[in-house]
Amino acid sequence: MIIDILSWACLTVGGILGIIGAIGIHRFPDFYSRLHAVGIADTLSAILILLGLGFQAGLSLAAFKLFLIFVFLFFTSPTASHALANAALHSGLEPELADDENKK
Amino acid sequence: MLGLGLASIALTIFLATRMNLIDDESYPFHLFSQFPAFFIYILNEIIKANIDVVKRIMTSSSISPQLVDIPVPQKSDLGRVIYANSITLTPGTVSVALSKDTLTIHALTKEAAEDLTKGSMAKKIPDAVIKK
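One line per chain: the protein sequences are F and R, in this order. Numbering that gives the first Met the number 0 puts the first residue of the first sequence at 0, with every later residue one more than the last. Numbering that gives the first Met the number 0 puts the first residue of the second sequence at 0, with every later residue one more than the last.
Keep in mind the hints are simulated off the structure, nothing from the lab. Treat the hints with caution; some may be incorrect.
[To be verified] Below are the DSBU-like pairs computed for lysine-lysine, each with C-alpha atoms no more than 35 Å apart in a straight line:
| # | chain 1 | residue 1 | chain 2 | residue 2 |
| --- | --- | --- | --- | --- |
| 1 | R | Lys99 | R | Lys74 |
| 2 | R | Lys122 | R | Lys109 |
| 3 | R | Lys99 | R | Lys117 |
| 4 | F | Lys64 | R | Lys122 |
| 5 | R | Lys47 | R | Lys117 |
| 6 | F | Lys64 | R | Lys47 |
| 7 | R | Lys122 | R | Lys74 |
| 8 | R | Lys109 | F | Lys64 |
| 9 | R | Lys54 | F | Lys64 |
[Stated by the list, open to error] Chain F is faced by these chain R residues, among others (derived, beta-carbon under 8 Å):
| # | residue |
| --- | --- |
| 10 | Ile45 |
| 11 | Asn49 |
| 12 | Val52 |
| 13 | Ile56 |
| 14 | Met57 |
| 15 | Ile62 |
| 16 | Pro64 |
| 17 | Leu66 |
| 18 | Ala83 |
| 19 | Pro90 |
| 20 | Val93 |
| 21 | Ser94 |
| 22 | Thr101 |
| 23 | His105 |
| 24 | Leu107 |
[Claimed, not checked] DEER-style ranges, computed between Cβ atoms:
| # | chain 1 | residue 1 | chain 2 | residue 2 | range |
| --- | --- | --- | --- | --- | --- |
| 25 | F | Thr75 | R | Lys74 | 23 to 29 Å |
| 26 | F | Ser59 | R | Thr101 | 44 to 50 Å |
| 27 | F | Ile4 | R | Asp100 | 46 to 52 Å |
All of these numbers come straight from a predicted model, not from anything done at the bench. Every residue, glycine too, gets a C-beta built ideally from N, C-alpha and C.
Based on the sequences and whatever the hints tell you, model everything.
Below you can see the structure in the form of C-alpha cells.
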C-alpha cells in the first residue's frame, strides 16, 4: 500500500516535470536555452518515472532492467545534449545572450 | 557449471591484471570507491537545479543566458569528461565546447554561470590520474 502510494507519487511528479519541460521548450527564446528545458525531462523526470516503475516491479529482473536503463541514461543523455550544443555552435548558430538584449 | 564459469572469469581477470591489459580509461576500477559520494552529490545538484529551472519556466521570472569559459582543473581525459557531463547533467548549464584546459558552457542564468566559475563542482569530481 505504502509502496503503491510512493510509486504513484514518483510517477505523477515525473510526468508533471516532463510536461513542464515541454512547456519550457515553447517558452524559451532560442535553441540553447531550450536545451536547458529539455534537461528537466532528461534528468529528474526520467529518474522519478524509472524510480516509480521500480517500486511497482519490486525486487525482480524488471527492476534490474530499469536500473540498467537509468545507468545508460545517466551516461548518454548529457553526451547527447553536449553533441547537440557543440554541433549548433560549430554550424554558426549564435546564442541569444543577455548582454545583447541590453544593447538593443 | 555456474561455479566453473565463475572460476574461469576470476582466472581471466587475474591474468588480465597480471598482464596489465586493463587500462584505467575503459575500466576505472580505482575510481569506484569515490563514486557513491559523488553520485549523491550530483543527484543533490540535479534536484536543486531542476527546481530552479522549473521556477523559471512556470513563473515569468527573467532568464539571462550566458556563454562563459571556465577552467578545467582535471588532468586526465576521463576526469574532464566526467566534469563536462556533470555540468550538462544539471539543468540550467550545458557544456558547449571542451578543449585542453577550458570548457565553454552555456548557462540559463547569471547565477548558474557564476556558481560554475567559482568551481565548487570541479572539486567534487573524482580525478582519474593515470598511473604509469
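Problem set entry | Satisfaction of the hinted span 44 to 50 Å by the C-beta atoms belonging to serine 59(F) and threonine 101(R) | holds (46 Å)
Satisfaction of the threonine 101(R) interface hint, Cβ to chain F closer than 8 Å = This interface hint is violated because 14 Å lies over the 8 Å limit.
Hint check, asparagine 49(R) versus chain F [nearest Cβ-Cβ separation less than 8 Å] | Holds - the Cβ of asparagine 49(R) comes within 8 Å of chain F, reaching about 4 Å at its closest.
Range hint compliance [Cβ, threonine 75(F) to lysine 74(R), 23 to 29 Å] = Given a distance of about 25 Å, which is inside 23 to 29 Å, the answer is holds.
*Against chain F, is proline 64(R) within 8 Å by beta-carbon distance?*
At about 5 Å, which falls below the 8 Å cut-off, the nearest Cβ of chain F leaves the hint on proline 64(R) intact, so it holds.
*Restraint status (C-alpha distance of lysine 64(F) to lysine 122(R) at most 35 Å)*: Judged against 35 Å, a Cα distance of about 33 Å means the pair holds.
- Item | Restraint status (C-alpha distance of lysine 122(R) to lysine 74(R) at most 35 Å) | With Cα atoms ~12 Å apart, lysine 122(R) and lysine 74(R) stay inside 35 Å; holds.
Practice problem: Return the status of the interface hint for methionine 57(R): holds when the least beta-carbon distance to chain F is below 8 Å, violated otherwise. | Solution: Cβ of methionine 57(R) sits 7 Å from chain F, so the hint holds.
Please check whether histidine 105(R) passes as an interface residue: C-beta within 8 Å of a C-beta belonging to chain F.
Histidine 105(R) check passes; min Cβ-Cβ to chain F is 5 Å, inside 8 Å.
| Are the Cα atoms of lysine 64(F) and lysine 47(R) separated by 35 Å or less? | holds (27 Å)
Query - Status of the isoleucine 45(R) interface restraint (C-beta, 8 Å, chain F) - result: Nearest chain F Cβ about 5 Å off; hint holds.
| request: Would you check whether serine 94(R) satisfies its interface hint, that is, whether its CB is within less than 8 Å of any CB in chain F? | output: Holds - the Cβ of serine 94(R) comes within 8 Å of chain F, reaching about 5 Å at its closest.
Figure legend: structure checked against the earlier numbered hints; hints not met, in rising order: 8 and 22.
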